[in-house]
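First to last, the protein sequences are chains S and E. For the first sequence, position 40 matches number 40 in the numbering used here, and the numbering has no gaps at all. For the second sequence, position 159 matches number 159 in the numbering used here, and the numbering has no gaps at all.
Honestly, the hints are just simulated from the structure, not real lab data. Take these hints with a grain of salt, some might be off.
Since copy identity is lost for identical chains, a pair holds within one copy or between any two.
Listed next, the in silico DSS-like pairs over lysine-lysine satisfying Cα-Cα at most 30 Å (straight line) [said to hold, decoys possible]:
hint, residue 1, residue 2
1, LYS241, LYS176
2, LYS145, LYS221
3, LYS176, LYS85
4, LYS93, LYS171
5, LYS134, LYS218
There are 2 protein chains.
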Amino acid sequence: MRNIMIEIEYDGSNYSGWQVQPNAITIQEEIMKALKKLEGKDVVIHGSGRTDAGVHAYGQVATFLMERNIPVERLPLAMNSNLPKDITIIDAKEVPMDFHARYSAIGKRYIYHIYESRYRSAILRNYSYHINYKLDRSKMMEASKLLIGTHDFRGFMSNGSSVEDTVRTIKSLEFKSDGENIYMIIEGDGFLYNMVRIITGTLVQIGAGNKPLEQIEKILKTKDRSLAGHTAPPQGLFLDKVFYPLTH
Amino acid sequence: MRNIMIEIEYDGSNYSGWQVQPNAITIQEEIMKALKKLEGKDVVIHGSGRTDAGVHAYGQVATFLMERNIPVERLPLAMNSNLPKDITIIDAKEVPMDFHARYSAIGKRYIYHIYESRYRSAILRNYSYHINYKLDRSKMMEASKLLIGTHDFRGFMSNGSSVEDTVRTIKSLEFKSDGENIYMIIEGDGFLYNMVRIITGTLVQIGAGNKPLEQIEKILKTKDRSLAGHTAPPQGLFLDKVFYPLTH
Chain S
1 MRNIMIEIEY
11 DGSNYSGWQV
21 QPNAITIQEE
31 IMKALKKLEG
41 KDVVIHGSGR
51 TDAGVHAYGQ
61 VATFLMERNI
71 PVERLPLAMN
81 SNLPKDITII
91 DAKEVPMDFH
101 ARYSAIGKRY
111 IYHIYESRYR
121 SAILRNYSYH
131 INYKLDRSKM
141 MEASKLLIGT
151 HDFRGFMSNG
161 SSVEDTVRTI
171 KSLEFKSDGE
181 NIYMIIEGDG
191 FLYNMVRIIT
201 GTLVQIGAGN
211 KPLEQIEKIL
221 KTKDRSLAGH
231 TAPPQGLFLD
241 KVFYPLTH
Chain E
1 MRNIMIEIEY
11 DGSNYSGWQV
21 QPNAITIQEE
31 IMKALKKLEG
41 KDVVIHGSGR
51 TDAGVHAYGQ
61 VATFLMERNI
71 PVERLPLAMN
81 SNLPKDITII
91 DAKEVPMDFH
101 ARYSAIGKRY
111 IYHIYESRYR
121 SAILRNYSYH
131 INYKLDRSKM
141 MEASKLLIGT
151 HDFRGFMSNG
161 SSVEDTVRTI
171 KSLEFKSDGE
181 NIYMIIEGDG
191 FLYNMVRIIT
201 GTLVQIGAGN
211 KPLEQIEKIL
221 KTKDRSLAGH
231 TAPPQGLFLD
241 KVFYPLTH
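Next up, chain S with everything else stripped away, as it sits in the complex (with noise of 0.2 Å):
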């Protein structure tokens, strides 16, 4: 038995997310069936975390055991012809016994892409968030320097979420512009639900002149979610890359 990490990339656009659930087509069960046809039998994966439906992942990370003995380096290739186009295995180790996809985590990065643009993007639409109006990207980048740090982001999640502790620490938040794109990559210790895509929501907000610089500082202190904006939407949303402490 051997415990396997396999990477992976997704276009989340036809999905209902990762997860397994009844009466929906996820990327989990997508690549549990593909890993049936090598194992002969059910395997349960873990993935480092959920992503929602739409949602996109460049890295996406999953442990599962396997009895098998498929060279690892040969497991990519053999899942992928097994699985549909829009997921892709791209890269398989062995891993020790107690790592875990999720628990083993130290850090996520997510890049948020915001097309600026008078008109939608047809080649963009299912990979990037329009917006029609002018955004002022170095207010929003002075802004996004006030999430920097470990603060309480109650305020930046969503209703639901069953998680008791909301203190988590943002390594890095940098914007990348190019023309009519501008690329937003967070870089944390962990994320709550939603967190990105409200913090997204909050700076579109700030950008386009409705909320001032200082409700940042703001939401931090009340932790009220009334005060951040509203949720930007998944497609524009690709979790980048998981890190953890041995294998990166």
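Given the structure of chain S, go ahead and fit chain E onto it with the hints provided.
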């Protein structure tokens, strides 16, 4: 009656190409359906040229005559609200009556996207040509220089085309590299059927070491299609811009 020119971005993944044809959904047809709703009757639109099934456009151009007096600056939004999300009108203007999207064009620019990586990309599957071996990028660039200028490109044209004059001028051919992504940007006064895709296929074979650099000159001299490379797949191709003498 006004002569209107529109610029169109589209994701060609779900269409049988640009041109109206029986028993197939095409981009031209979708735009004509959207226009009919505004004009109240059938409107024939003329594109700058066809694109094949799966080929995309950042800036396809079409012209048509319009009777209804909708202000031209409102046309994009009015048309987009009647169009599927993978087709977007990104500009509209009134042009002189003798202006024609196809016959007035003096040049075109295409981008071809190659994704060079061991495993296929889930997110780019419909927007790039996946090559799972190493390409010698500097050799490809060297070979591409031999194509610049005025040549008879008959050897780079798919059979079955009825075009007689096969002399074209390639104004520029550049490569941009960004990690696993290679973008070929090619501009010329016009392109033969499948010319960009056959040029790509030939350069890929040169980059893979399967054809020598001198093959380019041999194809140009002999005009023999069988000496050129394969036709690279449609999903890597983007019609980027159409050039006109007055408007651009």
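Hint check:
1. LYS241 - LYS176: both (17 Å within a copy, 25 Å between copies)
2. LYS145 - LYS221: Within one copy only: 16 Å inside a chain, 61 Å across chains, cut-off 30 Å.
3. LYS176 - LYS85: For LYS176 and LYS85, both the intra-copy (29 Å) and inter-copy (26 Å) Cα distances are at most 30 Å.
4. LYS93 - LYS171: within (27 Å within a copy, 48 Å between copies)
5. LYS134 - LYS218: Within one copy only: 25 Å inside a chain, 52 Å across chains, cut-off 30 Å.
Violation of the numbered hints given earlier is absent; every hint is satisfied by the structure.
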